Structures are given as structure tokens and as C-alpha cells.
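Undergrad: Read top to bottom, the protein sequences are chains A and B. Per our numbering: the first sequence = residues 121 to 228. Per our numbering: the second sequence = residues 196 to 677.
If you're looking for bench data, these hints aren't it; they were derived computationally from the structure. Note that the structure is a prediction, hence the values are computed from the model and not measured. Check before you lean on any hint, since a few could be wrong.
Claimed, not checked - With a straight-line Cα cutoff of 20 Å, these simulated PhoX-like cross-link-like pairs (lysine-lysine) come out:
(1) A:156 - B:319
(2) A:216 - A:133
(3) B:463 - B:452
(4) A:156 - A:133
(5) B:475 - B:606
(6) B:359 - B:319
(7) A:182 - B:324
(8) B:236 - A:182
(9) B:475 - B:580
(10) B:319 - A:157
(11) B:359 - A:182
(12) A:156 - B:324
(13) B:324 - B:359
(14) A:157 - B:324
(15) B:489 - B:437
(16) B:359 - B:411
(17) A:182 - B:333
For reference, the chains in residue letters:
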Amino acid sequence: MHGNDALIAFIGKIVREHLTRVLGNSTVQVIDSWLKKRGCKGIEDICVDPENVSMYLYIIFKDAAILLENEIARALEDAINSGSKDSEFIKDIVVKIRSYNRKKVCNI
Amino acid sequence: MQNKFNYEEEEIDVYNEFIYYPEYEEYSKDKSILHEFLSTKPTSLLIRGLPGTGKTTLALELLAASRRPGYYISTRVSLKKIKEYFPWVADLLKDEYVVKSSYSIDSNNNNDVPVTDARLGTSKAVVEKVMDFILTHKNAVIILDSWDAIAKETDMDERLKTEKSMVYMADANNSMLIFISEEPEHNTLAYLVDSIITLEMYYKDSFRLRHMKIDKMRGMQIKYSIIPYTLKGSRFIPLLSKDYSYPIKPIQFNAIKNSDKFISTGSKDMDTVLGGGIRKGSIVLIERENGVGKSYIAHILASLTLNALKNRLPVLTTPAPYVPLKSVLKYVKPFCSREELSLYTVFTKDDSSDDTANICKLTDDASFNVNQTCSIYMRNVTRYKNTILTCDTSLADVNYNINEVINGIRKVKSSDGVLFMVSSRDSPLFDALQNIADVHIRLFTEHGVALCQFVRPYKGIHAIILESEYKGYPYYRLVEVV
Numbered sequence: 121m122h123g124n125d126a127l128i129a130f131i132g133k134i135v136r137e138h139l140t141r142v143l144g145n146s147t148v149q150v151i152d153s154w155l156k157k158r159g160c161k162g163i164e165d166i167c168v169d170p171e172n173v174s175m176y177l178y179i180i181f182k183d184a185a186i187l188l189e190n191e192i193a194r195a196l197e198d199a200i201n202s203g204s205k206d207s208e209f210i211k212d213i214v215v216k217i218r219s220y221n222r223k224k225v226c227n228i
Numbered sequence: 196m197q198n199k200f201n202y203e204e205e206e207i208d209v210y211n212e213f214i215y216y217p218e219y220e221e222y223s224k225d226k227s228i229l230h231e232f233l234s235t236k237p238t239s240l241l242i243r244g245l246p247g248t249g250k251t252t253l254a255l256e257l258l259a260a261s262r263r264p265g266y267y268i269s270t271r272v273s274l275k276k277i278k279e280y281f282p283w284v285a286d287l288l289k290d291e292y293v294v295k296s297s298y299s300i301d302s303n304n305n306n307d308v309p310v311t312d313a314r315l316g317t318s319k320a321v322v323e324k325v326m327d328f329i330l331t332h333k334n335a336v337i338i339l340d341s342w343d344a345i346a347k348e349t350d351m352d353e354r355l356k357t358e359k360s361m362v363y364m365a366d367a368n369n370s371m372l373i374f375i376s377e378e379p380e381h382n383t384l385a386y387l388v389d390s391i392i393t394l395e396m397y398y399k400d401s402f403r404l405r406h407m408k409i410d411k412m413r414g415m416q417i418k419y420s421i422i423p424y425t426l427k428g429s430r431f432i433p434l435l436s437k438d439y440s441y442p443i444k445p446i447q448f449n450a451i452k453n454s455d456k457f458i459s460t461g462s463k464d465m466d467t468v469l470g471g472g473i474r475k476g477s478i479v480l481i482e483r484e485n486g487v488g489k490s491y492i493a494h495i496l497a498s499l500t501l502n503a504l505k506n507r508l509p510v511l512t513t514p515a516p517y518v519p520l521k522s523v524l525k526y527v528k529p530f531c532s533r534e535e536l537s538l539y540t541v542f543t544k545d546d547s548s549d550d551t552a553n554i555c556k557l558t559d560d561a562s563f564n565v566n567q568t569c570s571i572y573m574r575n576v577t578r579y580k581n582t583i584l585t586c587d588t589s590l591a592d593v594n595y596n597i598n599e600v601i602n603g604i605r606k607v608k609s610s611d612g613v614l615f616m617v618s619s620r621d622s623p624l625f626d627a628l629q630n631i632a633d634v635h636i637r638l639f640t641e642h643g644v645a646l647c648q649f650v651r652p653y654k655g656i657h658a659i660i661l662e663s664e665y666k667g668y669p670y671y672r673l674v675e676v677v
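Work out the full structure, taking the sequences as your base and the hints as a guide.
TA: Okay, structure coming up:
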């Protein structure tokens, strides 16, 4: 699964585009480089380790990150519905994002 | 906390109701506006105003008062210039890019306020600095001075999103972002931030007056929406309305010694503005515009009176007709000795009496009143040489004969006395007094704050701050409005 670079790049692009729409290009670039400094490849790592990226977004935005992640999950679900890519792989990421999200909501 | 600055080569305490000074807490009915504002834990503040209105000064004052880790991002001014403009911050500079902050709670190395020169930066670089600082410091205060300079280089959509992101980051991490804007009309932040303060300035007879408008302050009831302020000593000093001030624990008046040529007004600040006090043989006109509280007149006259009595000079007072004897003595009697009070004479229509001061009855006959005053004045001059005469002609209900008044004025001038006349423009004596007066001070109010304009000598506008409750005797301070 991890070897599927094209799919990771595809999801990374969706996530990046979505975050850019919400936060603006400058902020996304800054978050990207901030994630890189912490051992992630960038926002693309949401495919590899959604919990880790979610945690970092939570550090930056706290409660506001929950809505942000929901929006990311929704954008990925739209990609699944379009049916052009490996929907199981994307579904798995969405489930991880949503479950981590729920944990945080319960802890609030 | 840094709460002193050099004023006229003398270090004085800054009494600033905008900034919370714990040492004044027992006297303050309310905590300062700033303390109240900071206690609402705001996450974003927009300070807007045209160039020269004091936006940076206000932001630095807020940073100082917050006692939180601070970060200053400058997109307009170099650090060297900041040092020059704000000497009270510059004194604390430790190296080229770091300002040592004495107001931070921490006493270790964490109390530095980094200053970044972002004049050649981009919005991305600014966001990066903001995010780094917010995530590495708890409760940070970050000043973006000015955000416009960089934001206007990006398109509107990107600008809005970047602003939103930074505000959310600050909010999420209990930090506070202070945006400084020089282009109020093009601002996109107004809906996003917790608070908006607009700084404005305007001119009165070639002197600059300033006020801040509190347009928005979430979570706080705004008592005063428009507050005049001064930037004296590169500090942001709001001038709040105060209609009454009286010593909590009365003590003896602390007199200023008269010199050979000058008689002190009893106020160090007033003496300084007048170049050493009132020259002997001078006529002083206090022009009182409508709306000026009688407490200000009482303080100016009481300081002069008490200082003269303490210097063993007689004082003859004719208060305004509406002021009862009790009110006149209230500002004099508790602050001097019985012996000193024996040099004090009050001319009044009031039927009440007092056995400590000399009370002379006034009549409805203006000629009799003037002649009586002149006669007692000359008696005092013969005995004590310099005598002070104060007369409040505002709302006077008798018709003075201008020739008799001028005759009296001539006697004062020739005998090296001092005549203090309080008058309003609608007084029949006003025009004559305006022409004769050696010193002309106009009292007026702006948004509830009492100000005095030195018309002659031409020495600008000063705010009158009553501080009797702190000093223990009638005391006022003048703070130049610049």
C-alpha cells in the first residue's frame, strides 16, 4: 500500500488543495515545512500516518482542527464517490481520521 | 514593571489609568481599562489609525502590561529606529535583535522579546514566525507592525485566509495577536478580531489632540468609547475623565518655595510650563469654558492659595457666587496650620461663618465690594508686601465697574502682588481681562477630560490630572498633550 506513490500523491494533492482553500497557501506551506521538521514528509503523510498528522494539526489549531479534519475526510469521501482511485485505501484513511477525531471530541 | 519615565528631566511616576499599577489599587475604584481588557483573554486586537497616531506605542504598552512572552515583527521600522522612538524600550535592549523585557514575569532568560525586521519578508515568512513563536511560548503576545505592509502584497482571498489562520492559531494556543494597520479603510480584519481600537488625531489652534475609539471589545462592557490620550515621553497615556478628587487622609500641603521674581502656583508642573511660576505683579486669567468641572478650578486655586499661605503670603479670595464658604475652606483648611490660615481672607455673600479664616461679607454693590477688597489688599501689602488675590467672576451676579476693576488691577501690579481671575467668555469683564492678562490659561474639556491651553505664554495644551487622593492635599499634575 505504501508503495503506491501515485495514490499518495493524489491524496496529498486533495488534502493540500483543501487546506489551501481553507487556510491559504502561505499557512499550508508553513504547516508543511513545520511537519517536515518533525519527521513527516509533509501533509502527504496523512496517507501514511493520519493519526500523527491529525495530532500535529491539533497542536496548531486545537478544537478548530476537528472541523478541519472533518473537511479533509469529506474531501476524501468525495474522491471515493468519484470512484476513480483505490477507494479501500482512501476509506481506510478516512476511518482513521474520523476515529482519531472522535477520540478528541470525547476528551473535550 | 517599567512604570517610570523621564519627564522634563525628572523621573516621575506615570499614573496611567490604562495601565494597571498594583500600587494604586487601594485607591482605584475600578481596575484599569487595559487590565480589564487583558483579563478577558483577548486573542486578537486590531489597532488602526493613520501614520503618527501612536499605534506602535499602544501595542508596546499592551505588551508591557500583559507581562507575557512577547514577539515584535516589524515590517516598517528598523530596530535602530524603534530604539530611537521608544527610549523606554531601547534602554532595555541587550543586543541587535533582542529586547530585554523587564515586564515579563519570568526572571530567567525567557523574558526576552525578540524583534524581527520583516521589511523584506513575505506573508509566508510572517506566518512562519507567528506559528513558531505561538507553539513554543505559552500565552504569547505577538505584534505585527504593520500587517498591511505585507498583506497588501497578497491577493485578497489569500490575505483573508492567512489572517483567519493566524487568529485561529493564536486562539487555539491562548496567545494574542496585535495587528497594526495604517490603512483603516482597506482593512479586512475587522470582523475577525476580538477587539478594534482606532486612533485618531486632530488639531486645535495648531496643537495636536488625540483620541482613541474603542470600536469593539468582546467580553467587556465599554464605559468610555472615546478616550483622549497623549504620547508624552513616547508613552501611551490615556486621559480619563475625573470630576472629583479629594484627599483620603488629609496631610499638610507640601509647599514650593517662592523665588525672588516668581510666586509659585503650588504646582511644579504649572510652574515649569510658566517658566518658573507667576512673575510678581502679574495678572492671570483662567478662562473657563462651559463644561469644565469646578473641582479643577478648586484644585488650581487651592494649590496657589496653600502654597502662598505656607510661604507666609496673605491670600484674599472671592469665590464664584454659587460656591459656599464651606466648599472654599474644604480645600484649604485641613492642609495648613491655624496660624497660616489667619493669613487667608474669603469674601463671600454666604451667611455662614468660620473662626479660623477671615471672612468678609460681600454685598450687591459692586463698587463697595471692589473698594473693600482693594482696601484689605493694600493693608496686607503694607504688612507682607506680596499678596495673592483670587477672584472667580464666572456667573458673577453684580455689575462691576470696569474702571474700578482696572484701578484695582493697577494696585496689584504696582505692589508686586498676583491677581488670579477666573472668568468665562460671557462675563462682562472677560474682554478687558483678556487684554490685560499677563498669563492666559484656557480650560476646556474634550470627551470629558479637562485640558488647559496656555494661550499666553504660548505653551501648548496640557491635561489636568487630579491626584489629591494619592497625595493627601490638593494636588494636580499637568501632562502635555503631544
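Undergrad: Which numbered conditions among the earlier hints are violated in the structure presented, ordered from lowest to highest?
TA: none
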